[in-house]
Every structure is written in C-alpha cells, then in structure tokens.
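Chains as they are written, first to last, in our numbering: chain V, -3 to 153; chain U, 652 to 782.
No lab work stands behind these hints, which were simulated from the structure alone.
The C-beta atom is built at its ideal place from N, Cα and C for all residues, glycine as well.
Incorrect hints may have been included.
[To be verified] No more than 20 Å apart at the CA atoms, straight line, and that leaves these computed lysine to any residue pairs for SDA-like:
id: 1; chain 1: U; residue 1: K718; chain 2: V; residue 2: L41
id: 2; chain 1: U; residue 1: K718; chain 2: V; residue 2: N71
id: 3; chain 1: U; residue 1: K683; chain 2: U; residue 2: I698
id: 4; chain 1: U; residue 1: K718; chain 2: V; residue 2: R147
id: 5; chain 1: V; residue 1: K144; chain 2: V; residue 2: H53
id: 6; chain 1: U; residue 1: K718; chain 2: V; residue 2: V22
id: 7; chain 1: U; residue 1: K718; chain 2: V; residue 2: S70
id: 8; chain 1: V; residue 1: K15; chain 2: U; residue 2: N715
id: 9; chain 1: V; residue 1: K15; chain 2: U; residue 2: V770
[Stated by the list, open to error] Far from chain U, some chain V residues (derived; all Cβ distances over 10 Å):
id: 10; residue: V26
id: 11; residue: G85
id: 12; residue: W92
id: 13; residue: Y143
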Amino acid sequence: MAGFLDNVQWPACLDLGEKRNTVASVAAGVLFFSGWWVIIDAAVLYPSQEQLNHAFHTCGVFSTIAFFMVNAVSNGQVRGDVYGEGCLGRTGARLWLFLGLMLMFASLIAATWILFGAFVVVPSRLVYPGLSIFFQNLLIFFSTLIYKFGRTEDLWG
Amino acid sequence: MAGIKALISLSFGGAIGLMFLMLGCALPVYDKYWPLFLLFFYILAPIPYCISRRVVDDTDSASNACKELALFLTTGIVVSAFGLPIVFARASVIAWGACALVLTGNVVIFATILGFFLVFGSNDDFSWQQW
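Let the hints inform the model, and build the full structure from the sequences given.
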C-alpha cells in the first residue's frame, strides 16, 4: 500500500534547463500585472466608497512594495557569497528579505480579512470588489514567490 | 539572406494588427476611439528588452538579472495591453465587438514584435549594421 504511486510519473516532467529563468520571469510578470488589472477593473466598475472602500487599496500597494523588497536582494547576498560589503552586509540583506516577506504575508492576510470581514459577512454589499482585492494580493504573492525562487542564479543554467 | 522575406512578412503582420485596431475604433457601429491608447503599449513593449541588451554586455552567461527584469516588465506591458480593452468593454466604454477586434489586433502585433526579436534579435555581435 505504501508507495503505490511510486511508478507513476508526471507525463511531461518539465526539464526547462536554460530557459527556466525566462519562464519564471514571464510567469511572474503575467501574475503580477493580472493582479493589478483585476483591481483596476473593480475600481472602474465600483467607484463609490460604499461599494469598494478606497482605503482597501493599501493592501495591493504594500504587496507591490513587498515584491520589490523581496526581489531586491539576491540569494547570493543572503548567503554571503558576494564580495564587497554593502552598507549592512549579509545581516542587512537577511533583515531586508525578512521584512519584505513579512509585508507580503501581512498584505495577503489583510486582503483575506477584508474579503471576509467587509464583504462576505455584510449581506447588502456586492462581494466582487472584495474578491478582486483578495485575488490581487494572492496573484502578487505568487508572482513574488515565482520571481524570487523560480529563477536560479547559477551562471551556467 | 533570410532578412528580406522575414522583414516583409513581419511588416505585413504589423499592418494587419494595426488594421484590426483601427477597425475596432473606426467602424461606424462602434465609432469610439478609446482603444487607440493601446498604441502607447505597442511602442513601450520592445523598450525594456532593448535597453537590457544594450546595457549588459555579457551574452555568454545564461542567467542575467537585468534581462529577466526586462522580460518581467515586457510581460507586464503585454498583459496590460490585453487588460485595457477588456476593462473598457466591461465598463461599457466600448462595445464587446470592438474589444474582440482590438484583442485580435493585439495578438497579431505582439506576435509580430516577438517575431522581430526572434528573427533579427539573436546575433553574436550586436551591431547596428545588420542590414
């Protein structure tokens, strides 16, 4: 019984090789900008404060800031591989990455809270704007992960 | 040389794409010129990649952070060029038929730009006297 799926293989186990970075960059780009267009769509269709409170846009803004924070440091800097100290060195790089990831998770949690607390449990309100805030942050979250961890920094693929 | 035929077919593709965009705006049943904002995206789309290729000289390394950022931004511009007509149509600024024509034009134009980079882009010495 144990391991009965051992011989089952993914039909096309993608061996991307050299193109892995390209595919990861493109996928991250699609996800990130789709997230922003989802919220643009909701903001255009529901412009009033009652339907989509304008303060809820801060989640998406912080997600985007977190995206750039997380991707500003390379994995090499966090490991301490690069020569030539930056202003704060390896500890600074780790702290920056930690803060960026914390901001990213906080935005995702906030978006989920907004969806359920301000839209789902309020029956008189259309839920679509809340869904769009949630999906914006979810898409930016996955985009960050793919852009950060989907690319390899080895020079030879 | 593979240059002339590819150039002619790419320019034909570009013309067809722009034709679709103009049809989506100018047909009497639609008559709304908002989709012309997409021309802005068409012009912006090749720029990040061109800048990254000019700025970074090492074409021998497989991974390159600047090139990947350029690809990220280019993908974003392409997604935006598809998102804008859809948002227009959902907000009833343009008709859905016009949106469909504009999206078709998008596909053709971006395929043309991609074809341009694939055919004329990969050369060992990046010189401007290619043709």
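Hint check results:
1. K718/U to L41/V: Not OK: K718/U and L41/V at ~36 Å, beyond 20 Å, violated.
2. K718/U to N71/V: holds (17 Å)
3. K683/U to I698/U: Judged against 20 Å, a Cα distance of about 28 Å means the pair is violated.
4. K718/U to R147/V: Status holds; Cα separation ~12 Å.
5. K144/V to H53/V: With a Cα-Cα distance of about 24 Å, the restraint between K144/V and H53/V is violated, given a limit of 20 Å.
6. K718/U to V22/V: holds (11 Å)
7. K718/U to S70/V: holds (15 Å)
8. K15/V to N715/U: Status holds; Cα separation ~12 Å.
9. K15/V to V770/U: holds (18 Å)
10. V26: About 6 Å separates V26/V from the closest Cβ of chain U, which leaves it inside 10 Å; violated.
11. G85: Its Cβ never comes within 10 Å of chain U, the nearest being 20 Å, so this holds.
12. W92: The claim holds: W92/V sits with its nearest Cβ about 16 Å from chain U, beyond 10 Å.
13. Y143: At roughly 7 Å from the nearest Cβ of chain U, Y143/V sits no farther out than 10 Å, so the non-interface label is violated.
Checked against the numbered hints above, the structure breaks hints 1, 3, 5, 10 and 13 and satisfies the rest.
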